[in-house]
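Q: Here's the letter readout for the chains.
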Amino acid sequence: MKNKKLLAKLSAAAFGVAVAGAISFGAQAEEMVSFEIVDETIPQSLTGKAGDPVAGRKTAINRKKGNCLACHVMPIPEQQFHGLIGPTLDDTGDRFTEAELRMRMVDSKVFDESTMMPSFYKTGQHMVLKKFVGKTILSAQEVEDVVAYLMTLK
Amino acid sequence: MKKLITTAIALMSAGLLVAACSAGDSNMSAGDSNMSKSTGENGISDNPDAWSGYQTAREGVRAMNDDDFENPVMPYVDLAANIYDSRDNKGNISCADCHGAPEDETGGRSGIPMKGVGASYPRFNADTGKPINVELQINKCREERQVEKGFKYESDEMLGMTALVNYQSRGMPVVSTAANPDDELHSAWQTGKDFYYQRRGQLDMGCNNCHEDNAENIIRAETLSQGQSNGFPTYRFKWQKPGSLHRRFRGCNKNIRAANFNYGSDEYLNLETYLAWRGRGLPVEAPAVRK
Numbered sequence: 084m085k086n087k088k089l090l091a092k093l094s095a096a097a098f099g100v101a102v103a104g105a106i107s108f109g110a111q112a113e114e115m116v117s118f119e120i121v122d123e124t125i126p127q128s129l130t131g132k133a134g135d136p137v138a139g140r141k142t143a144i145n146r147k148k149g150n151c152l153a154c155h156v157m158p159i160p161e162q163q164f165h166g167l168i169g170p171t172l173d174d175t176g177d178r179f180t181e182a183e184l185r186m187r188m189v190d191s192k193v194f195d196e197s198t199m200m201p202s203f204y205k206t207g208q209h210m211v212l213k214k215f216v217g218k219t220i221l222s223a224q225e226v227e228d229v230v231a232y233l234m235t236l237k
Numbered sequence: 085m086k087k088l089i090t091t092a093i094a095l096m097s098a099g100l101l102v103a104a105c106s107a108g109d110s111n112m113s114a115g116d117s118n119m120s121k122s123t124g125e126n127g128i129s130d131n132p133d134a135w136s137g138y139q140t141a142r143e144g145v146r147a148m149n150d151d152d153f154e155n156p157v158m159p160y161v162d163l164a165a166n167i168y169d170s171r172d173n174k175g176n177i178s179c180a181d182c183h184g185a186p187e188d189e190t191g192g193r194s195g196i197p198m199k200g201v202g203a204s205y206p207r208f209n210a211d212t213g214k215p216i217n218v219e220l221q222i223n224k225c226r227e228e229r230q231v232e233k234g235f236k237y238e239s240d241e242m243l244g245m246t247a248l249v250n251y252q253s254r255g256m257p258v259v260s261t262a263a264n265p266d267d268e269l270h271s272a273w274q275t276g277k278d279f280y281y282q283r284r285g286q287l288d289m290g291c292n293n294c295h296e297d298n299a300e301n302i303i304r305a306e307t308l309s310q311g312q313s314n315g316f317p318t319y320r321f322k323w324q325k326p327g328s329l330h331r332r333f334r335g336c337n338k339n340i341r342a343a344n345f346n347y348g349s350d351e352y353l354n355l356e357t358y359l360a361w362r363g364r365g366l367p368v369e370a371p372a373v374r375k
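Residue numbers (our numbering), protein chains in the order written: chain V, 84 to 237; chain X, 85 to 375.
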């Protein structure tokens, strides 16, 4: 683990933050990438790369990652028990632009301060469990992957 | 001790019910259909929307909750009944010596009966200026009168003792006046309330996100409850044993990836004080059974 962290830091230093985001050490070892919010959207890919919708679907299902099914009904029939907390996500690709979805994934509290939805690419929350301090729920590339998957839902 | 209880549970599930359970003779059953709802008794009529997880529990779970022979906490209650009567301690005094039998409504020579305790705690402890819950009160007696080390939180002994004590209040409405600015517990209530609404953890959620805004809503395969405290200690299938309210708090905190607090900590005592108020008027269901 220590080595991984060190490696990631070295990588970040050597290749620049954006590139480090694409290296697959997982969210744990990454430096956060910087991004620009324009009119409550994030127009540019966090990693400079397109997301992978197939990987994004897996991340959405993964209970330790997106865990989207906890709260949303989604067109993922092989998984039982979709939650009913949030809206159904079956036409996100029609209803939103990629830039809007990226903003919602990164920090949906920009739209609704009272939302229960976690901010998937944010740090600094109150009293975070030690092993997650300074870490985002998803990596930058995982956010891009989920956004790419949500864009396919039409 | 652990082995004994495991054996008792095994016996029960094997259907040898009579052998396992003497505390089950009581007729204080939770089988009433109004069990999970706020009753408005004792002048508590300002909280009619409170309901406990009993309301959304499946029928089989309710049956276990209601039937003392099936309720898996009862072997722990039996264990505690022996402790309650025992003078095998450095103070050479039993709980019964001061309080009478657990069901004695006169409270023995101390005049403090066990009936009503589960419905009225946490109370204000003038010595510490803080709330004191049933666990800490039991240990206060244990240390001061019996001159023994307190029982550990989540030990079979402590789970049994709290279940035995709270069981005496079954069906009684939870009483809390801590929201009143003049109440001795008011500052603990306020701190607990602030905790309740404070977003925390990597998932950035307050208790209210699930248990107020989305109570009765479905999160994955679970129905969210109001997070009421009137059934603790509670047997959870997930735990495969009874657990305290503070254990449940720690689980919730962990689920949202938040730092948790110690058993019996000030933070959880304040939250427990606030939750008792949120559940005022609900009948005591301890020891409850939940998924």
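Just so you know, these hints were derived from the structure itself, not from any lab.
Do not rely on the hints blindly, as some may be mistaken.
[Claimed, not checked] Derived SDA-like pairs: lysine to any residue, alpha-carbon spacing no greater than 25 Å straight-line:
| no. | chain 1 | residue 1 | chain 2 | residue 2 |
| --- | --- | --- | --- | --- |
| 1 | V | 205 | X | 292 |
| 2 | V | 147 | X | 302 |
| 3 | V | 214 | X | 302 |
| 4 | V | 214 | X | 345 |
| 5 | V | 205 | X | 210 |
Q: Evaluate each hint against the coordinates.
A: These are the hints, each one checked on the structure:
Restraint check for residue 205(V) and residue 292(X): the C-alpha separation of about 21 Å stays at or below 25 Å, so the hint holds. For the given pair, residue 147(V) sits about 19 Å from residue 302(X) by alpha-carbon distance, which is consistent with the 25 Å threshold. Among the hinted pairs, residue 214(V) with residue 302(X) is inconsistent with the structure: their alpha-carbon atoms are about 28 Å apart, more than 25 Å. Between residue 214(V) and residue 345(X) the CA atoms are separated by roughly 15 Å; this keeps the pair inside 25 Å, and the hint holds.
At most 25 Å may separate the alpha-carbon atoms for a hinted pair to count; residue 205(V) and residue 210(X) exceed this at roughly 43 Å.
Checked against the numbered hints above, the structure breaks hints 3, 5 and satisfies the rest.
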